[in-house]
Amino acid sequence: MSKLPDGIQRRQIDGQQRLATRGESVYGEPTDGEWRAWDPHRSKLGAMIELGMDHGLEGGETVLYLGAASGTTVSHVADVAGPTYAVEFAPRPARELLSAAESRPNLFPLLKDARKPNTYAHVVESGVDAIVQDVATRGQARVALENRRFLADDGRLLLAIKARSEDVTRDPAAVFADARDELTEDEMGYELVESQRLDDYHTDHLAVVARPK
Amino acid sequence: MTESSGWFAPLAADSDADDDVLVAAIRDGSADEPDSWPDRAVGEGAVEDEDAYYDRLHRATMAATRAAVTERERADDSQLIHAIRAMDDCQRTANELAERVAEWAGTLDPEAGSGIEYARDLAATEPEPGETAVVSLAEQVVDLEAEADGLRAYVEQTMPTVAPNLAALAGPVLGARLISLAGGLESLAKKPSGTVQVLGAEDALFAHLRGHAPSPKHGIIYMHDGVRGTPPENRGSAARAWRGSSPSPRASITTPASTDPTSRPN
Numbered sequence: 001m002s003k004l005p006d007g008i009q010r011r012q013i014d015g016q017q018r019l020a021t022r023g024e025s026v027y028g029e030p031t032d033g034e035w036r037a038w039d040p041h042r043s044k045l046g047a048m049i050e051l052g053m054d055h056g057l058e059g060g061e062t063v064l065y066l067g068a069a070s071g072t073t074v075s076h077v078a079d080v081a082g083p084t085y086a087v088e089f090a091p092r093p094a095r096e097l098l099s100a101a102e103s104r105p106n107l108f109p110l111l112k113d114a115r116k117p118n119t120y121a122h123v124v125e126s127g128v129d130a131i132v133q134d135v136a137t138r139g140q141a142r143v144a145l146e147n148r149r150f151l152a153d154d155g156r157l158l159l160a161i162k163a164r165s166e167d168v169t170r171d172p173a174a175v176f177a178d179a180r181d182e183l184t185e186d187e188m189g190y191e192l193v194e195s196q197r198l199d200d201y202h203t204d205h206l207a208v209v210a211r212p213k
Numbered sequence: 001m002t003e004s005s006g007w008f009a010p011l012a013a014d015s016d017a018d019d020d021v022l023v024a025a026i027r028d029g030s031a032d033e034p035d036s037w038p039d040r041a042v043g044e045g046a047v048e049d050e051d052a053y054y055d056r057l058h059r060a061t062m063a064a065t066r067a068a069v070t071e072r073e074r075a076d077d078s079q080l081i082h083a084i085r086a087m088d089d090c091q092r093t094a095n096e097l098a099e100r101v102a103e104w105a106g107t108l109d110p111e112a113g114s115g116i117e118y119a120r121d122l123a124a125t126e127p128e129p130g131e132t133a134v135v136s137l138a139e140q141v142v143d144l145e146a147e148a149d150g151l152r153a154y155v156e157q158t159m160p161t162v163a164p165n166l167a168a169l170a171g172p173v174l175g176a177r178l179i180s181l182a183g184g185l186e187s188l189a190k191k192p193s194g195t196v197q198v199l200g201a202e203d204a205l206f207a208h209l210r211g212h213a214p215s216p217k218h219g220i221i222y223m224h225d226g227v228r229g230t231p232p233e234n235r236g237s238a239a240r241a242w243r244g245s246s247p248s249p250r251a252s253i254t255t256p257a258s259t260d261p262t263s264r265p266n
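So the sequences go chain by chain: A and B.
Mind the numbering: the first sequence is residues 1 to 213 in our numbering, read in order.
Mind the numbering: the second sequence is residues 1 to 266 in our numbering, read in order.
Please note that a few of the clues may not be correct.
Lysine to aspartate or glutamate pairs mimicking EDC-like chemistry, simulated, CA-CA at most 16 Å apart [unchecked claim]:
id: 1; chain 1: A; residue 1: Lys116; chain 2: A; residue 2: Glu146
id: 2; chain 1: A; residue 1: Lys213; chain 2: A; residue 2: Glu146
id: 3; chain 1: A; residue 1: Lys3; chain 2: A; residue 2: Glu58
id: 4; chain 1: A; residue 1: Lys116; chain 2: B; residue 2: Glu33
id: 5; chain 1: A; residue 1: Lys213; chain 2: A; residue 2: Asp153
id: 6; chain 1: A; residue 1: Lys116; chain 2: B; residue 2: Asp28
id: 7; chain 1: A; residue 1: Lys116; chain 2: B; residue 2: Asp32
Everything labelled a hint here was simulated from the structure, so no lab data went into it.
Source: prediction; values computed, not measured.
Full structure from sequences and hints, please.
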């Protein structure tokens, strides 16, 4: 099992061993003192960590988070990481993202479209250590490729692919196979480190850990 | 732009630059490639050190995102979407409560009627002892009905300025429903007409795509008289004719209201 990054612990909360980070509560999650439980059922990255995937996070890295939504997961990321850029396109969830960012000076919310990196490349720095991606739109592999320019050569992509966002009618396994091919076929693409389905926590989702080629 | 094309360029030019200028730079700026902006900002004298850079970045991104969220949410089409959804909520709730009123009143008066009409009559009566609670509930039904009417008036009044051609073609209420189902005026304008034809029939469409149902002939545009007023066997072609009508829904949505660059979300 992959080592937990600094700042994430397994703690006894509500009678269960749970992943937890330290920070101000965001969505009414159970807490133990300043520790707040990180629910793998509500967070794909949480599920990846719970499953012991090779996420490569150690704590303190610079992170670009695509598809931050209302900030559930990115708030935990900001609790353990360094500068954390959170891109979200929809204004409604972004309102909650703003309140999560209020108490986290290292969390930078951006109302931008992850499919158009040039609209935020003047803000997000180059050479980030990790890109976390959870966007429910068609062309998820494309988004990961477009945003590769932000990633350090030894950085990691932690990607959750939702099969139903690509094509509701196709077999998820086929959707995942295509996405893996698309990610790896280009010279400026990625090299897969690990991929695993998240079915125990999220139906029809594939988690991918990759490195830039 | 100057030497730097990072968001902090105004700060590099003038270290007293206003937050508003930085907010505008974050919202409207762009770059083909990212750069090591923190180092550049320090190097160009925009900020003292890295800590100061991230402090300023946090402040600026918070303000820029707050402003962008407010602007997008205040956009006329999102107001319209809330109004039409609220109108439907009020109507549905009024109907549900009217049923409850009828059931309750039936235990007090064997002659009790049903529906919103009955709730209205009941609300107008002076309650007998023991009837105050049910009469008060009936009053709520009447209030909700009035609220729904008010919302409908708002939609009818707003639609023609937000999407004049769509309002004329589909009627204001149906037009607003189409915008609501598409999630916004711009996304509706970008949808192929075949998608517009079946908006609101998603369950039937997915059942069809999974291979165990016929394809839906129409979605919410069933509400249009040109479709509903047609015998069932011809409704499919009526729906196709409507979505392909000239000016087509697609063309008609591309009105000055949505093509005006100043009204567009960034």
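Here is what the structure says about each hint:
1. Taking the CA atoms of Lys116(A) and Glu146(A), the gap is near 8 Å; set against the 16 Å cutoff, the hint holds.
2. For the proposed pair Lys213(A) and Glu146(A), the alpha carbon gap of about 14 Å is at most 16 Å, so the pair holds.
3. Annotation: proposed proximity of Lys3(A) to Glu58(A) holds, straight-line Cα distance about 8 Å (limit 16 Å).
4. Straight-line distance between C-alpha atoms of Lys116(A) and Glu33(B) comes to about 12 Å, which keeps the hinted pair within the 16 Å bound.
5. For the hint pairing Lys213(A) with Asp153(A), the CA-to-CA distance comes to about 8 Å; that is within 16 Å, so the pair holds.
6. For the hint linking Lys116(A) to Asp28(B), the alpha-carbon distance of about 13 Å falls within 16 Å, and the restraint holds.
7. For the suggested pair Lys116(A) and Asp32(B), the alpha carbons sit about 10 Å apart, so the restraint of at most 16 Å is met.
Violated hints for the displayed structure: none, as all numbered hints are satisfied.
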